[in-house]
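Number of protein chains: 2
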Amino acid sequence: MRIIGVDCGAEKTGYGVIDTDGSRHQLVSAGIVRTNTAEAFEKRLNVIADGLRDVLGAFQPGVMAVEEVFHSINTKSALKLAHVRGVAFLVAAQAGLSVSEYSPLSVKMSVVGYGRAEKQQVQMMVLSLLGVSQKFESFDATDALAVAICHGTQANSLLLSGTRA
Amino acid sequence: MRIIGVDCGAEKTGYGVIDTDGSRHQLVSAGIVRTNTAEAFEKRLNVIADGLRDVLGAFQPGVMAVEEVFHSINTKSALKLAHVRGVAFLVAAQAGLSVSEYSPLSVKMSVVGYGRAEKQQVQMMVLSLLGVSQKFESFDATDALAVAICHGTQANSLLLSGTRA
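These protein sequence lines are chains R and X, in that order.
Residue 165, in our numbering, is where the first sequence stops; the numbers in between run on with no holes.
Residue 1165, in our numbering, is where the second sequence stops; the numbers in between run on with no holes.
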């Protein structure tokens, strides 16, 4: 199963593509789509859409996984983030992918086994699970890989328990 | 100047296209894009994107106007709405249009002259300003026309005062 995880953000949207059988995960590609904060918001959304579309085209994942909006961040930031999520969802649908959402707690539990893990711990575990020695430029790429791993793990346990993911 | 106003909503997204010189407004087209609530959210966003893209293609407005997110609605609804707005902004950018945002207060002041006007009053004034006798099927179309009229009026007064809209 090939999964793309997306960590939405207006400035930087991280993506991480993995191949997984649910327990062993392999890195395919990861990176960020960066936007110019001096540009109009609609143009920045277009840059994000183009960037994600290129990644889907290049690596052909079968499903997209994203984190749910984190309600404890302030409302203005959450609303901005939701615009970017709308764009990511749209790009997925246009490519025929379904989108699965996971709470930040589920993602951390899947990857670190501890729901209140720090970004550094998530990064370390993501790199370890993927057998990658080099750190990524940004936490956004690692966070995207984390949600992809979360989907891989949970989809696998649903399959094992006889429920379709 | 040809303006499209968009009233974003996950179930029904209203649109209204007008021609205006800033004081006289003429209806070009108005309607709603309806989505199936039984479908996955990403598919519904795709339906909205396709619908708006068709309207832009058919009527070729030069600018898009939308209402700012109304903070007093509950957070969950506001976040859902923001996903749809992200899609509307993206469709605008892909068609080369800029997006102007107006507070609900500005829209009501522009159209009714009273910031706490009810939906029925907005509808009546929109129909009157456009010289249209027949009510639209949905308030969403009228609300979209209202924000288009608001942009037309404000862009005109900015032009008159020597500031570029």
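Because the hints were derived from the structure by calculation, they are not lab data.
What you are looking at is a predicted structure, and each value in this text was computed from that prediction instead of being measured.
There could be a bad hint or two in this list.
[Stated by the list, open to error] Once the Cα atoms are required to be at most 30 Å apart in a straight line, the calculated DSBU-like pairs of lysine-lysine come out as:
1. K1080(X) to K1043(X)
2. K1080(X) to K135(R)
3. K1080(X) to K12(R)
4. K119(R) to K1135(X)
5. K43(R) to K80(R)
6. K1012(X) to K1119(X)
7. K1043(X) to K1012(X)
8. K1076(X) to K119(R)
9. K135(R) to K12(R)
10. K76(R) to K43(R)
11. K1043(X) to K43(R)
12. K1043(X) to K12(R)
13. K1135(X) to K76(R)
14. K76(R) to K119(R)
15. K1080(X) to K43(R)
16. K119(R) to K80(R)
17. K1076(X) to K1012(X)
18. K1119(X) to K1080(X)
19. K12(R) to K43(R)
20. K1119(X) to K119(R)
21. K1080(X) to K1135(X)
22. K1119(X) to K12(R)
23. K1012(X) to K76(R)
24. K76(R) to K1119(X)
25. K1135(X) to K43(R)
26. K1076(X) to K76(R)
27. K1012(X) to K1080(X)
28. K1012(X) to K80(R)
29. K43(R) to K1076(X)
30. K80(R) to K1080(X)
31. K135(R) to K1012(X)
32. K12(R) to K119(R)
33. K80(R) to K1135(X)
Does K1043(X) pair with K43(R) here, judged by a C-alpha cut-off of 30 Å? 23 Å, holds
Distance restraint between K1080(X) and K12(R), which requires alpha-carbon spacing of 30 Å or less: Holds. K1080(X) to K12(R) sits at ~21 Å (cutoff 30 Å).
Given the hint that K80(R) pairs with K1135(X), test it: the Cα-Cα distance must not exceed 30 Å. Answer violated: K80(R) to K1135(X) is near 34 Å, above 30 Å.
Would the hint linking K1080(X) and K1043(X) be met if the CA-CA limit is 30 Å? With Cα atoms ~14 Å apart, K1080(X) and K1043(X) stay inside 30 Å; holds.
Agreement of K76(R) and K119(R) with the hint, judged by alpha carbon distance not exceeding 30 Å: 22 Å, holds
Run the distance test for K1012(X) versus K76(R): straight-line Cα separation, threshold 30 Å. 24 Å, holds
Would you check the hint for K135(R) and K12(R), treating anything up to 30 Å between C-alpha atoms as holding? 17 Å, holds
Would the pair K76(R) and K43(R) pass a check requiring their Cα atoms to be no farther apart than 30 Å? 19 Å, holds
Please verify whether K1012(X) and K1080(X) have alpha carbons no more than 30 Å apart. Given pair K1012(X), K1080(X) holds - Cα atoms ~12 Å apart, limit 30 Å.
What's the verdict on K1080(X) and K1135(X), does the C-alpha distance respect the 30 Å limit or exceed it? Holds - the C-alpha atoms of K1135(X) and K1080(X) are around 28 Å apart, at most 30 Å.
Satisfaction of hint between K80(R) and K119(R), Cα-Cα up to 30 Å: Cα-Cα ~22 Å, so holds.
Next pair to validate is K76(R) with K1119(X); report whether the Cα-Cα distance is within 30 Å. Holds, because 26 Å separates the two Cα atoms, which is no more than 30 Å.
Hints 2, 4, 13, 20, 22, 25, 31 and 33 from the earlier list are contradicted by this structure; the remaining hints agree with it.
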